[in-house]
Amino acid sequence: DVKVTQSSRYLVKRTGEKVFLECVQDMDHENMFWYRQDPGLGLRLIYFSYDVKMKEKGDIPEGYSVSREKKERFSLILESASTNQTSMYLCASSLTGGGSPLHFGNGTRLTVT
Amino acid sequence: ILNVEQSPQSLHVQEGDSTNFTCSFPSSNFYALHWYRWETAKSPEALFVMTLNGDEKKKGRISATLNTKEGYSYLYIKGSQPEDSATYLCAFANDYKLSFGAGTTVTVRA
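Taken in order, these protein sequences are the chains called G and U.
Per my numbering, residue 6 is the first one in the first sequence, and the count goes up by one each step.
Per my numbering, residue 4 is the first one in the second sequence, and the count goes up by one each step.
Hints are supplied without guarantee of correctness; some may be wrong.
Derived, one-sided and incomplete: chain U residues facing chain G with beta-carbon distance under 8 Å [stated by the list, open to error]:
1. H37
2. V52
3. T54
4. G104
Simulated coverage check for chain U against chain G, where a stretch passes if three residues somewhere in it have a Cβ under 8 Å from a Cβ of chain G [unchecked claim]:
5. 20 to 31
6. 39 to 51
Honestly, the hints are just simulated from the structure, not real lab data.
We treat Cβ as the ideally placed atom computed from N, Cα and C, and that holds for glycine.
Between the sequences and the hints, there should be enough to build the whole structure, so can you do that?
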């Protein structure tokens, strides 16, 4: 089974802090994604990557950046955390293009105070 | 931002009854349509990935159909059980990018 591991289940940070959310997958998947989930809005795509060192903006990239230096690891960076970034963050990976199912991590619930 | 809509937002169904709900998506630039089940305190789990107009897929008591020309998919649950209680998400795939609907939350009452 594919395992997608997110480094923290719960995280509390202060406004203005730089925050790193880490995600690691163990099945050599090409694609990796970061979503955030807010009540009533479903999953919204922040960034995705289809190869090492490649990244593409999703629907809500503002205030975020990403890094993919190794195939198995995809990091989401909040350059200066703000209270409106309080959310559940989900990482996912998939084997190839849009026809492959996503495998999700357990999520990180981030609270910015 | 691609408009993927799911209805209803939530529904309650009696144990043993069958139910269905809808996902609508853009009919242009279609690549695939995904369905996921998301149970409380767990991560979303893939149910189906459908790519062809007219596709029908089945997994146990859950099945899905796809109409790419008119831009909709139905998910059916036959003989609902308490373990079917979850939020069901659909996602429209446009090449690499998946855009999700807000989900339909199903509560099965014993």
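Quick rundown of the hints versus the structure:
1. H37: Where the cut-off is 8 Å and the nearest Cβ of chain G is about 6 Å from H37 of chain U, the hint holds.
2. V52: holds, 5 Å
3. T54: holds, 6 Å
4. G104: holds, 6 Å
5. 20 to 31: violated (count 0)
6. 39 to 51: Coverage by chain G holds here, the residue count being 6 at a Cβ distance below 8 Å.
When held up to the earlier numbered hints, the structure conflicts with hint 5 and nothing else.
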